[in-house]
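With the hints as extra help, turn the sequences into a complete structure.
Protein chains: 4
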Amino acid sequence: MNVTEVQEFLDTEFPQMNHGGKTFSIESVRPRGAVVRMQYHDRHIRPGGTISGPSMMALADYAMYVALLAGLGPVALAVTTNLSINFLRKPGPRDMLADCEVMKLGSRLAVGEVRLTSEGSDEIVAHVVCTYAIPPEK
Amino acid sequence: MNVTEVQEFLDTEFPQMNHGGKTFSIESVRPRGAVVRMQYHDRHIRPGGTISGPSMMALADYAMYVALLAGLGPVALAVTTNLSINFLRKPGPRDMLADCEVMKLGSRLAVGEVRLTSEGSDEIVAHVVCTYAIPPEK
Amino acid sequence: MNVTEVQEFLDTEFPQMNHGGKTFSIESVRPRGAVVRMQYHDRHIRPGGTISGPSMMALADYAMYVALLAGLGPVALAVTTNLSINFLRKPGPRDMLADCEVMKLGSRLAVGEVRLTSEGSDEIVAHVVCTYAIPPEK
Amino acid sequence: MNVTEVQEFLDTEFPQMNHGGKTFSIESVRPRGAVVRMQYHDRHIRPGGTISGPSMMALADYAMYVALLAGLGPVALAVTTNLSINFLRKPGPRDMLADCEVMKLGSRLAVGEVRLTSEGSDEIVAHVVCTYAIPPEK
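Chains as they are written, first to last, in my numbering: chain A, 727 to 864; chain B, 727 to 864; chain C, 727 to 864; chain D, 727 to 864.
Keep in mind that the hints were calculated from the coordinates and are not lab data. Any given hint might turn out to be false.
Derived CB-CB ranges, DEER-like [what the hints assert, rightly or not]:
#, chain 1, residue 1, chain 2, residue 2, range
1, D, Q742, A, P800, 50 to 56 Å
2, B, N728, D, F740, 46 to 52 Å
3, A, N744, B, Q765, 53 to 59 Å
Within a straight-line C-alpha distance of at most 25 Å, the following computed SDA-like cross-link-like pairs (lysine to any residue) qualify [claimed, not checked]:
#, chain 1, residue 1, chain 2, residue 2
4, C, K816, B, P861
5, A, K816, D, G797
6, A, K816, D, L831
7, D, K816, C, V801
8, B, K830, D, A859
9, B, K816, C, K816
10, A, K830, D, G775
Sample of chain D residues lacking proximity to chain C, with all beta carbon distances greater than 10 Å (derived) [what the hints assert, rightly or not]:
#, residue
11, F735
12, M783
13, L831
14, T843
15, D848
Being a predicted model, the structure only gives us computed values, none of them experimental. The C-beta atom is built at its ideal place from N, Cα and C for all residues, glycine as well.
Dropping the structure here:
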C-alpha cells in the first residue's frame, strides 16, 4: 500500500483518529518504515504548551500501524501488545513527527522503533519500542 | 496528603485532566499506593466499545502520580521518564480501575507498577511499569 | 507438572543452567506462578559482593519458564521475546528468590511479572516483566 | 576518553568482565556512541549453538557503559536502572557486535539504544533500550 491507500484505509476503518479534528497524517512510507505527523493542536496540549504523554504514545502507535499497513497490506486486526516509551526532552510548541522503523516483521509478531521529534529539530523528544500481534492468516 | 487533599491539588494544578468532562477520580490512597477510576466515557472509547490505549496509559500515569502525591506531598514537577505498558485482554464496556503500587521511592527516581482492570473483574486488562524523576529538593 | 517434574524436565532439557555448579532451584509452583532460588555463588557475584545484572535477568527468566512449564506442561520451545528489568535496590550478599506471576497465558503469548528479593527481606531488589512466545500446537 | 583509555579503565575497574577469559572488547567509540564485540565463546553459548539471553544483555550493558565513559570520562558509579531487551532473531554461531547510541545524556539520567547483530550481518538480533543513573557531582 502506498501513502494514499494507507491514508484511505485508516480514514475509513479508524475514523475515530480524526475525532475532534484531523490531527494525524502520513508524511511518507518506505519499505519497513513510515513518517507521520501530529499537528500542534489544543487536543494534545497541556498547560504551559507541552504535548501530553498519551498523545505522544498515540502518535507512535499510529506510526507503527502505518508502517505495518504499508508492508503487509490491510490488516485491520493487528493489535498492540506492548509499548514502551522514554520521554527524553520537552517537546517544542510545534508539530511532532514520528519516524518508525519496523525491526522485525514475523508471521506472528512485529517489533518497531519510533523516534519522535519536534518539527525542525533532530533531537529525539521521545523514543518508543512497540510490539504488534499479527492475526493468523485464514 | 489524603484523598481530598490530593484531589484538590490535582484539580487546581492539572485542570486539563478534566477537560471535556471529569472522567478521572481517586478511589483511595494508602502508604505507597493508590486506586483511581476512569469513567467509561465517549472520550476514551474506540468504535466497537473498546477503550483506547492512550486512555489506559493516561489512567496508569494518573494512578502513579496520585500515589506519589500521597506519599511525598505536593511535588508538581515530578515527571514521567519511562512508561511500559502490556495490553493483556480486551477491556469491558465499563469503568476501569487502576491500582498502583510504588515499588521504589528514592530521592531521584520513583518506580511503580499499575494494574488496570475493568470494574467488577479481577482479570488484568493492562499492566504498566512507570518511572518518575523526582525534582531535587531546593 | 509439579515441582519434581518441572525440575527433572529442566535438568534434562537445559543442563546448561547447571554449568559450573547447580545454582538455580525451584522452591514451589502454584497455578500461574512459581518461586525459584539462585544461590549466592561466585558465578553471579561482582567485586564488592553485589549480584550481576545478567544473573538477575537469568533468574527472572528461569522463574517465568518454571511457571509456564507448571501451567502448560513441557513446552521446550517457548522462547523469551521481551524482558524488561528495573533495578531498584542493591541486593544483599545472600541467595535471591524470584516470585513469578503469570498475568496472561494466551495461545500465542504469555506475559509474566517477576519480583526479585534477597532472602530474608521483602524489599524488591529488581522487578521484571517478560513475554514468552508459545509455539503453535501441531 | 578514547578507545585505549576506556579499555584500560574497564580492565582495571571491572576485571570481572574478563573472568574466565576476555571475551568483550571495544571496537570503536564516537561522540555519543560506541561499538563493542563479544567473542563467540563457550561461556555465552547454549546447547544448539545459540547465544544466551543474559550474555546479550551483558553485551548491551557493556556497550552503553563504554559509550558513557567515552562521553563523560571515568564515572565508575553510573548504574543501570532499567534495561529492556527484545529478542528478534536467532543469533548466528559467530561473534556479536553491539552498536550503542546515547539518545540522552542528562545530568542525572542517560538513555541509550543498542542494536545487537551477528558479525557479517546487518539484521538486528536483539534490540535494547537502557537507562543509567549518573551519580551527582561532588
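Structure-based check of each hint:
1. Q742(D) to P800(A): 50 to 56 Å: 52 Å, holds
2. N728(B) to F740(D): 46 to 52 Å: With Cβ atoms ~47 Å apart, the hint holds.
3. N744(A) to Q765(B): 53 to 59 Å: 23 Å, violated
4. K816(C) to P861(B): Within the cut-off at roughly 22 Å; holds.
5. K816(A) to G797(D): 22 Å, holds
6. K816(A) to L831(D): Between K816(A) and L831(D) the Cα gap is close to 14 Å, so the pair holds against 25 Å.
7. K816(D) to V801(C): Judged against 25 Å, a Cα distance of about 18 Å means the pair holds.
8. K830(B) to A859(D): OK: K830(B) and A859(D) at ~14 Å, within 25 Å.
9. K816(B) to K816(C): It is violated: about 37 Å lies between the C-alpha atoms, which goes past 25 Å.
10. K830(A) to G775(D): OK: K830(A) and G775(D) at ~22 Å, within 25 Å.
11. F735: 15 Å, holds
12. M783: Non-interface label fails for M783(D): nearest chain C Cβ at 5 Å, not farther than 10 Å.
13. L831: 20 Å, holds
14. T843: Check passes; 18 Å lies beyond 10 Å.
15. D848: 21 Å, holds
Hint violations for this structure: numbers 3, 9 and 12, all remaining hints satisfied.
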